[in-house]
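Novice: Residue numbers (our numbering), protein chains in the order written: chain A, 1 to 252; chain B, 1001 to 1326; chain C, 2001 to 2287.
These aren't lab readings, by the way, just hints derived from the structure by calculation. Nothing here was measured: the structure is a model prediction, and the numbers come from that model. Among the hints, erroneous ones may be present.
To be verified - Subject to a maximum C-alpha distance of 20 Å in a straight line, what follows is the list of computed SDA-like cross-link-like pairs (lysine to any residue):
id, chain 1, residue 1, chain 2, residue 2
1, B, Lys1187, A, Arg149
2, A, Lys170, A, Lys144
3, A, Lys70, B, Tyr1205
4, B, Lys1187, A, Lys170
5, A, Lys144, B, Val1309
6, A, Lys70, B, Ser1192
7, A, Lys58, A, Gln24
8, B, Lys1255, A, Thr93
9, A, Lys123, B, Leu1177
10, A, Lys227, A, Ala90
11, B, Lys1187, A, Ser19
12, A, Lys136, A, Arg197
13, B, Lys1187, A, Leu147
14, B, Lys1187, A, Ala179
15, A, Lys123, B, Ser1180
16, B, Lys1187, A, Asp91
17, B, Lys1255, B, Ile1173
18, B, Lys1187, A, Tyr105
19, B, Lys1255, A, Asp91
20, C, Lys2121, C, Val2194
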Amino acid sequence: MLLETKGLTKNFGGLTAVSKLDLQVSEGEIVALIGPNGAGKSTVFNLVTGVLHPTAGKVLFNGRDITGQKPHTVAHLGIGRTFQFAYLFADFTVLENLVASCHLYPRSGFWEALINTPSYRHKEARIQTKALEILKFVGLDKVKDELARNLPHGYQKVLGVARALAVNPKLLLLDEPIAGMTREEIYFSLDVFRKIRSQGITILLIEHNMECMDLCDRVIVLNFGHKIAEGSSAEVRQNPEVIQAYFGRKNA
Amino acid sequence: MGGLIGLIVLLFLLPMIIQQQTYYLHVFIIVLIYIIVVSSLRTVALSGQLSVGHAAFMGVGAYFSGVITRELAISPWLAIPLGGLASMLVAVLIGYPFTRVRAIYFSMISLFGGIIIVDLIMVAQKWTGAAGLANIPLLSPINIPGIGNITFLGQKLPYYYCTLILTLVCLFILYRLEHSRVGINWKAIAQSHMVASSVGINEAYYRVLALAVGCFFAGLAGAWYAHYTLVLGTSTFGFLPSIYLVMYMLVGGQKRFAGPIIGTTILVMVPELVRSLKESAPLVLGAIMVIVVFLMPQGIVGLFDQIRVRYRKSNKRKVTESVAGN
Amino acid sequence: MDAQTLASTGISALMLSAIYILMALGFALLLSVMGVLNFAHSALYMVAGYICYEFTVGFGLSGWLSLILTVVVMGAFGVFLERFCFRPFFGDTNRIIVIALALIVILESLMNILVGTAVRKVPDFISGTIKFSGFQVSQQRILVTFIGAAVLIALIILIQNTRRGQQMLAVAQDFVGATLQGINIYRTMAFATVIACALAALAGSLGGAVYYLNPFIGDQMLVKAIEVVILAGIGSISGVFAGGLILGIIDAFLPMVLSGVATDATGLGIVVLILLFRPQGLFGHEA
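Bound-form chain A, shown alone (with noise of 0.2 Å):
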């Protein structure tokens, strides 16, 4: 088991964002968490990766304790994610985004930085020589030199899953990876996600959009903060509670 989830649980003064969340995730599975808005998604990402504290319950990854720990050291450990809002560094380069992201690997320390040691030189051409891998990868890597506040914003989101590759993650939490995409930009998507999934990182997503269900091994459904299904995505589809969560609201 990858990614575990205990008993999370997380309450903001009076309202639950999530409650009692029992969640597995297991080596080399694309997990979908899906829900209605609201339902209390992105907070679950946002407890994994230590943005938000929890209320109660815990978090284990690859069997160890991380609750709490801080979105830097979690990053640390080889969780990847990206944002619902794709979120950049938008002063930088599509290449500099990625050269910034690959802070980790290989580190450098301050003083060698200053000095321009010839180990850290040699480190900082590794790492240019790694972000311009990881744009190949991801199809980025003929508008390097763009501004990424310049890009359309599906690329954006792509950038954004490059940037949480570099951190040699072998766990990535995307959050909407898909949403307001083209058509275009979800076909090339999909594929960027084929791609990761055949190096052996295990992808935990969250949408809404079907296409990208059909990806997924399983299907995870929140509610209100409550986990009210877990299948297939053919299985939660005939669910007769996820029916009524995403329609059942018209009508009440």
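For chain A, the structure is supplied; the task is to place chains B and C on it using the hints.
Specialist: Same frame as chain A, now just chains B and C:
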């Protein structure tokens, strides 16, 4: 690059050009010292933390060095770097809890920090002098083999050259840092602390680091200043001076390394050289600030950049095409 | 401590608290509703003091009329501020800070040139003292406290019971949500700015009646305002009252024990200590 070398050569030849007029030498020395301080402010600001109390850290270095040289008869050459370290220490101690808060609150709190420091300096009147610190020792003479003894007593020229060398060294270090991985991480944090954390950058560590480095150089410059002016008053390091520092940086342009240098040079030299402006200097400064904010958001260097960008415009459709043709 | 000292110090504490709260509230409003770090707030206090002085001494108007006029004038200035200084740069924090700094410098140096070292003080609205058995207290100080407290209470009622007030709170809490509700953001921000300026104006006029004016008294007040806001905590408007009260009490009673600059430093030190253990302030949310 060639231009830079030419500039440096010019700076070394400057005293001969102005025929060693002591008043002008004095102005240049002050400008050089403040260039270090404002550049160090920019270093702190690289990580997204705009400090409105930076002058106080200059003061820490100044008073620390002034006091230990006066009371403990330590050589100024040793005391000056110690002043920098003292300032750095204070910055880390006071600053550590403050680097945990969001950028806008950091600015508020830096105002505080600046005032607390000045207050503490005044509280320690026993050592720092009720009306200011006086009788600070000069830089002690140095013996350069081949050239002989260089004394600083009553001479501006040695001060000028030593200040110039100090400034160049400090600027070189700051420049190096900014263009190393450390600088990349600082800029990353400034642009998006969420993304930076998600790729493993320890935000707290790098913010404290920026503060420490920036305040070290501010303290260093302050200590140097102390052994040049030989008298200190807390008004030089209070709220208004801190505001001026921010101004110098922003008028010159925060985005580029040369920004603080240009801003400081213009805003310090012009009032000095045009005597009639001196009384209404703050007013003129304020007016300049307003103009810069409304018309030149990136400062003076920004103007140059804008001209350059006109030739490098890019187009979203062009981008999509090149990506799609993959 | 005899009754007299206790009484006069106590009144001073309340009076200081009132003034601090007036300043801090304005500052906090600008911060939470508009995200503006208005360093120039101190300058507003100072300018208001001088304007009030001009009205009473220069124009010979009654104290009350001058007070109201000053508040109105500064409120109008607030409209100008919001429209031309804050709104165009909304979202660009650094630039707004620069503008605020520029304002301070311009206003302070302008006043310095105009007034210089001339000693000015807004004349008392009421002179004399009230005598109780055992002690007497300055009527002016009591009046200042009263006016301050009354305005604050009125303001709270106003904010909680009018639509404008509710809208302001909404914008402060959740900007995006508020826009989705159809709240006219710009009008709300103008409203907040006007109130903030009016509060500063009131503080400046009242303070100017108690303490002597100089072009730089604003700086002190700014520090106090920020202290209170930080104490109160990020995003907390109600905490401002508690914070202001605490600081007023500290600043009134501490000078009896320590002298001169040490009082300031201690007050600040206490705030720093509180911050170290509770970075989000006494009443704030998670930072």
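Novice: Hints first: check each against the structure and report whether it holds.
Specialist: Cross-check of the supplied hints:
1. Pair hint Lys1187 (chain B) plus Arg149 (chain A) holds up; C-alpha atoms about 15 Å apart against a cutoff of 20 Å.
2. Using a Cα cut-off of 20 Å, the hinted pair Lys170 (chain A) and Lys144 (chain A) is violated, with the two alpha carbons roughly 25 Å apart.
3. Between the alpha carbons of Lys70 (chain A) and Tyr1205 (chain B) the distance comes to roughly 12 Å, so the proposed pair stays at or under 20 Å and holds.
4. As the CA atoms of Lys1187 (chain B) and Lys170 (chain A) are separated by approximately 27 Å, the hinted pair breaks the 20 Å bound.
5. The hinted pair formed by Lys144 (chain A) and Val1309 (chain B) meets the criterion: a straight-line CA distance of about 18 Å does not exceed 20 Å.
6. Pair hint Lys70 (chain A) plus Ser1192 (chain B) holds up; C-alpha atoms about 16 Å apart against a cutoff of 20 Å.
7. Note on Lys58 (chain A) and Gln24 (chain A): the hinted pairing holds, with a Cα-Cα distance of about 12 Å set against a maximum of 20 Å.
8. This hinted pair checks out: Lys1255 (chain B) and Thr93 (chain A) have alpha carbons roughly 15 Å apart, not beyond 20 Å.
9. Of the supplied pair hints, the one linking Lys123 (chain A) and Leu1177 (chain B) holds, its CA atoms being roughly 16 Å apart against a limit of 20 Å.
10. Only pairs whose Cα atoms come within 20 Å are accepted, and Lys227 (chain A) paired with Ala90 (chain A) is rejected, the gap being roughly 36 Å.
11. A threshold of 20 Å between alpha carbons decides the hint, and for Lys1187 (chain B) with Ser19 (chain A) the separation of about 37 Å lies outside it, so the pair is violated.
12. Proximity of Lys136 (chain A) to Arg197 (chain A) is assessed by CA-CA distance (about 16 Å); at most 20 Å being required, the pair is judged to hold.
13. Restraint check for Lys1187 (chain B) and Leu147 (chain A): the C-alpha separation of about 15 Å stays at or below 20 Å, so the hint holds.
14. Of the pairs offered as hints, the one joining Lys1187 (chain B) and Ala179 (chain A) is violated, with about 28 Å between alpha carbons and a cut-off of 20 Å exceeded.
15. For the proposed pair Lys123 (chain A) and Ser1180 (chain B), the alpha carbon gap of about 12 Å is at most 20 Å, so the pair holds.
16. Annotation: proposed proximity of Lys1187 (chain B) to Asp91 (chain A) holds, straight-line Cα distance about 9 Å (limit 20 Å).
17. Pair hint Lys1255 (chain B) plus Ile1173 (chain B) holds up; C-alpha atoms about 18 Å apart against a cutoff of 20 Å.
18. Between Lys1187 (chain B) and Tyr105 (chain A) the CA atoms are separated by roughly 18 Å; this keeps the pair inside 20 Å, and the hint holds.
19. Between Lys1255 (chain B) and Asp91 (chain A), the direct Cα distance comes to roughly 10 Å. Compliance with the 20 Å bound is thereby established for this hinted pair.
20. Taken as a hint, the Lys2121 (chain C) and Val2194 (chain C) pair is broken in the structure, with Cα atoms around 25 Å apart against an allowance of 20 Å.
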